Amino acid sequence: MTREEALAFAAEWTAAWNELAVERVLAHFDEHVSFISPTARIVAGISIVLGKQALREYWRKAVAQIGSLHFVVDRVLWDPTTKEMAIVYISEIDGRRKRVSEQLTFGPDGLVVSAEVFHGVDL
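With our numbering applied, the sequence shown covers 203 to 325.
No lab work stands behind these hints, which were simulated from the structure alone. In this text the structure is predicted, and so the values were computed from the model without any measurement. Heads up, some of the hints might be wrong.
Computed spacing ranges between beta-carbons, pair by pair [stated by the list, open to error]:
| no. | residue 1 | residue 2 | range |
| --- | --- | --- | --- |
| 1 | Ala223 | Gly312 | 14 to 24 Å |
| 2 | Pro240 | Thr204 | 29 to 39 Å |
| 3 | Leu325 | Gln255 | 26 to 36 Å |
| 4 | Arg258 | Phe320 | 19 to 29 Å |
| 5 | Thr283 | Leu222 | 28 to 38 Å |
| 6 | Asn220 | Phe320 | 33 to 43 Å |
| 7 | Thr241 | Glu286 | 28 to 38 Å |
| 8 | Ala210 | Ile292 | 14 to 24 Å |
| 9 | Gly297 | Thr204 | 19 to 29 Å |
| 10 | Lys263 | Thr283 | 27 to 37 Å |
The beta-carbon is built from N, C-alpha and C at its ideal position, and this holds for glycine as well.
Build the full structure now, drawing on both the sequences and the hints.
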């Protein structure tokens, strides 16, 4: 992935989330993805979500609890050597804003094999 492709990925990822299009977001994830999130602990009772189907179920449950969502990308960091990307963005969910960083690791087929989410405090 080039820097331009990383920016395009982040733009598509953000657009899909802003439309609450869970399946479009999931299209970028490997079947055996590992996803770590403090929000998963709150919504699903677990911090580590294993597998694409479990991630689908978690995100659908989370989205069902949201009235409004809007992400604005602040910056995208890409390391072609490790195939790791960080998408740093402002998340506004139901009027609450905070800075978030999503750390994504890509497999050889270009799909996300692991991800971890870091949330800041309300802005």
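Hint by hint, here is what the structure shows:
| no. | hint | in the structure |
| --- | --- | --- |
| 1 | Ala223 to Gly312: 14 to 24 Å | holds, 19 Å |
| 2 | Pro240 to Thr204: 29 to 39 Å | holds, 32 Å |
| 3 | Leu325 to Gln255: 26 to 36 Å | holds, 34 Å |
| 4 | Arg258 to Phe320: 19 to 29 Å | holds, 22 Å |
| 5 | Thr283 to Leu222: 28 to 38 Å | holds, 34 Å |
| 6 | Asn220 to Phe320: 33 to 43 Å | violated, 20 Å |
| 7 | Thr241 to Glu286: 28 to 38 Å | violated, 21 Å |
| 8 | Ala210 to Ile292: 14 to 24 Å | holds, 20 Å |
| 9 | Gly297 to Thr204: 19 to 29 Å | violated, 37 Å |
| 10 | Lys263 to Thr283: 27 to 37 Å | holds, 36 Å |
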